[in-house]
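**Student:** What follows is the residue order along each chain.
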Amino acid sequence: MRAGFVIRKCIGAISTLAFVVVFNFFLFRIVNRDPVNSMFRGRNLKPEKLAELRRKFNLDGSKWDQFVAYLRQLLHGDLGYSLKGFRPVATVIGETLWPTVLLVGTSTFLAMIGITIGYRAGWRRGSKFDTTATSLSMLTYSMPEFWIGMVFLGLFSAKLGWFPVGGLEDPGSHATGLTKWLDQLHHMLLPATVLGLAYVGEYMIVARSAMIETLNEDYLQLARAKGMRDDEVRRRHAVPNARLPVVSLSAINFGFIFGGAIAVESIFSWPGIGQATYLAVRGPDLPMLQGLFLLISAGVILANLVADVLYGKLDPRVAGR
Amino acid sequence: MSVLELRDLHITYRTEGGDVPAVRGVNLTLERGDTVGLAGESGCGKSTIAAAVLRLLPKGTNVSGQVLLEGEDVYAMKPGRLRAVRWTSAAIVFQGALHSLNPVRRVGHQIAEAIRLHAPHGSAAHHTDARVGELLERVGLPAERAQHYPHQLSGGQRQRVLIALALACEPKLLIADEPTTALDVMVQAQVLALLEELQRDHGLSLLFITHDLSVLTHTCEKLAVMYAGRIVEQGPSQTVFNSPEHPYTRALAASFPTIGDPASRMNPRGLAGDPPDPSALPSGCPFHIRCDVATPECTTLDVALRDVVSPGAAPGRSAACVHVGVARV
Amino acid sequence: MSVEADLPLASPRSIRWSRRRASLAETGRRIRKDRLAVIALLVLIGFVLLAIITPWITDRADFNAINTGNNPTNQPPNGDYLLGTDRYGRSVALQLMWGARVSLFVGFVATVLTIVIGVLIGLAAGFFGGWIDALLMRITDWFLVIPFLPTAIVLAAVLERSLWTVVLVIGITSWPSSARLVRSQVLSVRERLYVDRARALGAGRLHIVGRHILPNVTPLILASATLAVPISILTETTLSFLGLGDPTSISWGGMLDQAQQSSAVTAGHWWYYLPPGIAIMLVVLAFTIFGRALEEVLDPRLRAR
Numbered sequence: 157m158r159a160g161f162v163i164r165k166c167i168g169a170i171s172t173l174a175f176v177v178v179f180n181f182f183l184f185r186i187v188n189r190d191p192v193n194s195m196f197r198g199r200n201l202k203p204e205k206l207a208e209l210r211r212k213f214n215l216d217g218s219k220w221d222q223f224v225a226y227l228r229q230l231l232h233g234d235l236g237y238s239l240k241g242f243r244p245v246a247t248v249i250g251e252t253l254w255p256t257v258l259l260v261g262t263s264t265f266l267a268m269i270g271i272t273i274g275y276r277a278g279w280r281r282g283s284k285f286d287t288t289a290t291s292l293s294m295l296t297y298s299m300p301e302f303w304i305g306m307v308f309l310g311l312f313s314a315k316l317g318w319f320p321v322g323g324l325e326d327p328g329s330h331a332t333g334l335t336k337w338l339d340q341l342h343h344m345l346l347p348a349t350v351l352g353l354a355y356v357g358e359y360m361i362v363a364r365s366a367m368i369e370t371l372n373e374d375y376l377q378l379a380r381a382k383g384m385r386d387d388e389v390r391r392r393h394a395v396p397n398a399r400l401p402v403v404s405l406s407a408i409n410f411g412f413i414f415g416g417a418i419a420v421e422s423i424f425s426w427p428g429i430g431q432a433t434y435l436a437v438r439g440p441d442l443p444m445l446q447g448l449f450l451l452i453s454a455g456v457i458l459a460n461l462v463a464d465v466l467y468g469k470l471d472p473r474v475a476g477r
Numbered sequence: 055m056s057v058l059e060l061r062d063l064h065i066t067y068r069t070e071g072g073d074v075p076a077v078r079g080v081n082l083t084l085e086r087g088d089t090v091g092l093a094g095e096s097g098c099g100k101s102t103i104a105a106a107v108l109r110l111l112p113k114g115t116n117v118s119g120q121v122l123l124e125g126e127d128v129y130a131m132k133p134g135r136l137r138a139v140r141w142t143s144a145a146i147v148f149q150g151a152l153h154s155l156n157p158v159r160r161v162g163h164q165i166a167e168a169i170r171l172h173a174p175h176g177s178a179a180h181h182t183d184a185r186v187g188e189l190l191e192r193v194g195l196p197a198e199r200a201q202h203y204p205h206q207l208s209g210g211q212r213q214r215v216l217i218a219l220a221l222a223c224e225p226k227l228l229i230a231d232e233p234t235t236a237l238d239v240m241v242q243a244q245v246l247a248l249l250e251e252l253q254r255d256h257g258l259s260l261l262f263i264t265h266d267l268s269v270l271t272h273t274c275e276k277l278a279v280m281y282a283g284r285i286v287e288q289g290p291s292q293t294v295f296n297s298p299e300h301p302y303t304r305a306l307a308a309s310f311p312t313i314g315d316p317a318s319r320m321n322p323r324g325l326a327g328d329p330p331d332p333s334a335l336p337s338g339c340p341f342h343i344r345c346d347v348a349t350p351e352c353t354t355l356d357v358a359l360r361d362v363v364s365p366g367a368a369p370g371r372s373a374a375c376v377h378v379g380v381a382r383v
Numbered sequence: 038m039s040v041e042a043d044l045p046l047a048s049p050r051s052i053r054w055s056r057r058r059a060s061l062a063e064t065g066r067r068i069r070k071d072r073l074a075v076i077a078l079l080v081l082i083g084f085v086l087l088a089i090i091t092p093w094i095t096d097r098a099d100f101n102a103i104n105t106g107n108n109p110t111n112q113p114p115n116g117d118y119l120l121g122t123d124r125y126g127r128s129v130a131l132q133l134m135w136g137a138r139v140s141l142f143v144g145f146v147a148t149v150l151t152i153v154i155g156v157l158i159g160l161a162a163g164f165f166g167g168w169i170d171a172l173l174m175r176i177t178d179w180f181l182v183i184p185f186l187p188t189a190i191v192l193a194a195v196l197e198r199s200l201w202t203v204v205l206v207i208g209i210t211s212w213p214s215s216a217r218l219v220r221s222q223v224l225s226v227r228e229r230l231y232v233d234r235a236r237a238l239g240a241g242r243l244h245i246v247g248r249h250i251l252p253n254v255t256p257l258i259l260a261s262a263t264l265a266v267p268i269s270i271l272t273e274t275t276l277s278f279l280g281l282g283d284p285t286s287i288s289w290g291g292m293l294d295q296a297q298q299s300s301a302v303t304a305g306h307w308w309y310y311l312p313p314g315i316a317i318m319l320v321v322l323a324f325t326i327f328g329r330a331l332e333e334v335l336d337p338r339l340r341a342r
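Chain order of the listed sequences is A, B and C.
For the first sequence, position 110 matches number 266 in the numbering used here, and the numbering has no gaps at all.
For the second sequence, position 76 matches number 130 in the numbering used here, and the numbering has no gaps at all.
For the third sequence, position 69 matches number 106 in the numbering used here, and the numbering has no gaps at all.
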């Protein structure tokens, strides 16, 4: 793979990130002319107090000055202060990072089972397996992920009592080592299953149509003519080609799972970025929301970059150019 | 024993729009070392026959009659036996080399795969690699090309790779399905010369499928011309090309300019009309609509392939036309 | 020109219309063969009818009578209240009916906005080419990469809460895929001979867009719009669930938010959160099934499958 290809993709990712930074500033300082006012709506603060808050949040001065100040802060890793307890946004986000990485990582892994199912369904298009898988995928696609969460929580936690009703671990638990780990797993199983279930269909559909695209390729006929078994033809020749569109769409799906985590984490009181976003929206805690949006976008942009580079590795035709 | 024998082969595709008979009663025999050309317009069923020999037709396609590879009926084989026979008894040089090679696999890997599939267990990797290099050199490519991906090769090089791939398991029969169609004239000539040379050196039987009659007369001893799923004329290729009996062959041969004859080049006589829709064939002789010597009986009478006995006709020729002279009983 | 009018020949205009009528009839015929798509369409028609007649058969004022003695709270389904009541004693069935209006309204209007933005940008990019195309596609790529729902959330969070905000937010975040679709269609149509011929005859750009390009991309736009409606509905649901919807109207997502706020899930008040979710599922499923059937009929590339 040529270095030029990777560099080009990196520049693309940086330009997207720059766009997000500008967009973020635009949203919170220009679309919303006076964030302080909308944050403290209905709290009846004195004008002096409001002016002080504006100074504190760097909201005085011209828009250009504000933008420069915002950039300078960003470069120092300063995302401003959350309205909740006036703690630095970066610190609050830092605390929520690990639970989300755990949850989103696990559910992405679960959802990716859909890729294997999709390949098989596409390979045997029109079979009973295909019809069943496609129907179920459309069904889960049609349900809001947080509603699946509500139904699961109502059934498996509230009614059957199999799982805790929420949180990262049992409150007041001082367990360490394996016990702590198992406790977290017990708490995570339900939200991760819900998120995974909500997106498994999306992966399945993508993989299925990618496989169908390759079904009529001549090289599959050649592989069969060579005397290969049908499943070998699928694994060695069809899948490596069907994988290409799946890789690029997986990155976009990753963004969807992140979005889904916002509502699902709030349902299960999972103390991650999603719940933090939910609380920031409810506040409204605009500095917090601004920081979270930047972080989530950066994560998704990074995932896209990884997917692009991986694509170049998997398809010799792309990176060579 | 014949290398390949087709006995009264009928092939019908099942589609949403109804049954499409693509091959309607073909008999053809290839002995060891034979070179037979199969010619005809697109849709006449010639490529269907290529796929049928290795049982590569889409699922649900109806096949009746027999395909015998070295005396063994391909359609009576168990799956394991079929896989073992594929590429060892007969291999195919597919048309469209760009699409027949897997774009994300190195070409050497794709050749080695065929060798490994049919090698006795435990053959070493470096033997396979050496064999791949040997095969590439045999078709006039440097052994290093094995490391290349298909898109890094030219059209002619890719076609050579496909030929090397077909030779990988030393098959007795090579089926070349329009191997030169997508190539420019110079490269076409090189590939043809290579195929002829390989056929001679290895004593291969060659079934050469193309729409290009002039190519066949060069490469093949015998010629079979197909129209609407049937062989309509058969015989030694030079005589069939130079003095065709069937009106269709005559029209097909006339559509190619004779080299060295400016008159024919300036005035090529093409064949009017399109080949018939296989799912709705005309009554009688399927060619009568486009035939310039058709008579009323042609609209009702469909003549089977029969030996030609006309004054001065070469031996071993047959044609399926009412107007062609036949032996008196 | 007057000679032409005297001839008994059909005018180009009438030929065009009869062709369109024929292709429409053909589309209808193909769709009718798909049993599932017909059922989906019937479900959709049912929901639309329900949304339309609701103001005539129910009284919105019933929602205001909250927490009074004759409005029992958190009642399971019974004879008086078909789907029970919420924590304020309001009928869940009544909310479900009024919610259908909001969900369908936002679903349709936001999709129209999405398609309009997408078509304009796609047409401009595909037709003008050059730096305009490069710039517009760069912006499209940015919007495709940045996560859709978080973007919609921050947008909705900084704007005033209203139905129109929800519509606007969905429009701003959803247009890129239709822009891409339209652009690629324009490029392929532009390559076709008859556009060159029209240009050679001196046709203006607007004429080419209106007469040759738009009619050709319309079927695909229609199919993708049908598939965009369920996405709009799901987005509206999520935004309302997060408290970013219109506080003055009742939507299915808002009902789920209310259920969540009142701990209906852990309290076992299933009648509160199951019906809106099932309604969303039915509408989204029906739109998706119908949209895919439509796409298969209208997109020649998919028809072979």
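Derived by calculation from the structure, the hints in this document are not laboratory data.
C-beta: ideal position from N, C-alpha, C; glycine also.
Check each hint, because a few of them may be wrong.
To be verified - Once the Cα atoms are required to be at most 27 Å apart in a straight line, the calculated DSS-like pairs of lysine-lysine come out as: (1) A/Lys205 / A/Lys240; (2) B/Lys276 / B/Lys132; (3) A/Lys205 / A/Lys469; (4) A/Lys219 / A/Lys202; (5) A/Lys284 / B/Lys226; (6) C/Lys70 / A/Lys165; (7) A/Lys165 / B/Lys226; (8) C/Lys70 / B/Lys276.
To be verified - For each label pair, taking beta carbons as the anchor points, the in silico distance ranges come out as: (9) A/Leu458 / B/Glu224: 34 to 44 Å; (10) A/Gly439 / C/Leu61: 27 to 37 Å; (11) A/Leu316 / B/His205: 50 to 60 Å; (12) C/Thr64 / A/Val178: 36 to 46 Å; (13) C/Arg72 / B/Glu95: 50 to 60 Å; (14) C/His244 / A/Arg281: 21 to 31 Å; (15) A/Leu311 / C/Ile94: 51 to 61 Å; (16) A/Asp387 / B/Gly125: 29 to 39 Å; (17) C/Leu61 / B/Gly125: 52 to 62 Å; (18) C/Arg72 / B/Glu351: 43 to 53 Å; (19) B/Gln206 / A/Thr288: 39 to 49 Å.
**Student:** Now tell me, hint by hint, if it's right for this structure.
**Tutor:** Structure-based check of each hint:
no.: 1; hint: A/Lys205 / A/Lys240; in the structure: holds, 17 Å
no.: 2; hint: B/Lys276 / B/Lys132; in the structure: violated, 33 Å
no.: 3; hint: A/Lys205 / A/Lys469; in the structure: violated, 57 Å
no.: 4; hint: A/Lys219 / A/Lys202; in the structure: holds, 24 Å
no.: 5; hint: A/Lys284 / B/Lys226; in the structure: violated, 41 Å
no.: 6; hint: C/Lys70 / A/Lys165; in the structure: violated, 46 Å
no.: 7; hint: A/Lys165 / B/Lys226; in the structure: violated, 50 Å
no.: 8; hint: C/Lys70 / B/Lys276; in the structure: violated, 51 Å
no.: 9; hint: A/Leu458 / B/Glu224: 34 to 44 Å; in the structure: violated, 52 Å
no.: 10; hint: A/Gly439 / C/Leu61: 27 to 37 Å; in the structure: violated, 51 Å
no.: 11; hint: A/Leu316 / B/His205: 50 to 60 Å; in the structure: holds, 56 Å
no.: 12; hint: C/Thr64 / A/Val178: 36 to 46 Å; in the structure: holds, 44 Å
no.: 13; hint: C/Arg72 / B/Glu95: 50 to 60 Å; in the structure: violated, 41 Å
no.: 14; hint: C/His244 / A/Arg281: 21 to 31 Å; in the structure: violated, 43 Å
no.: 15; hint: A/Leu311 / C/Ile94: 51 to 61 Å; in the structure: violated, 34 Å
no.: 16; hint: A/Asp387 / B/Gly125: 29 to 39 Å; in the structure: holds, 31 Å
no.: 17; hint: C/Leu61 / B/Gly125: 52 to 62 Å; in the structure: holds, 59 Å
no.: 18; hint: C/Arg72 / B/Glu351: 43 to 53 Å; in the structure: holds, 50 Å
no.: 19; hint: B/Gln206 / A/Thr288: 39 to 49 Å; in the structure: holds, 42 Å
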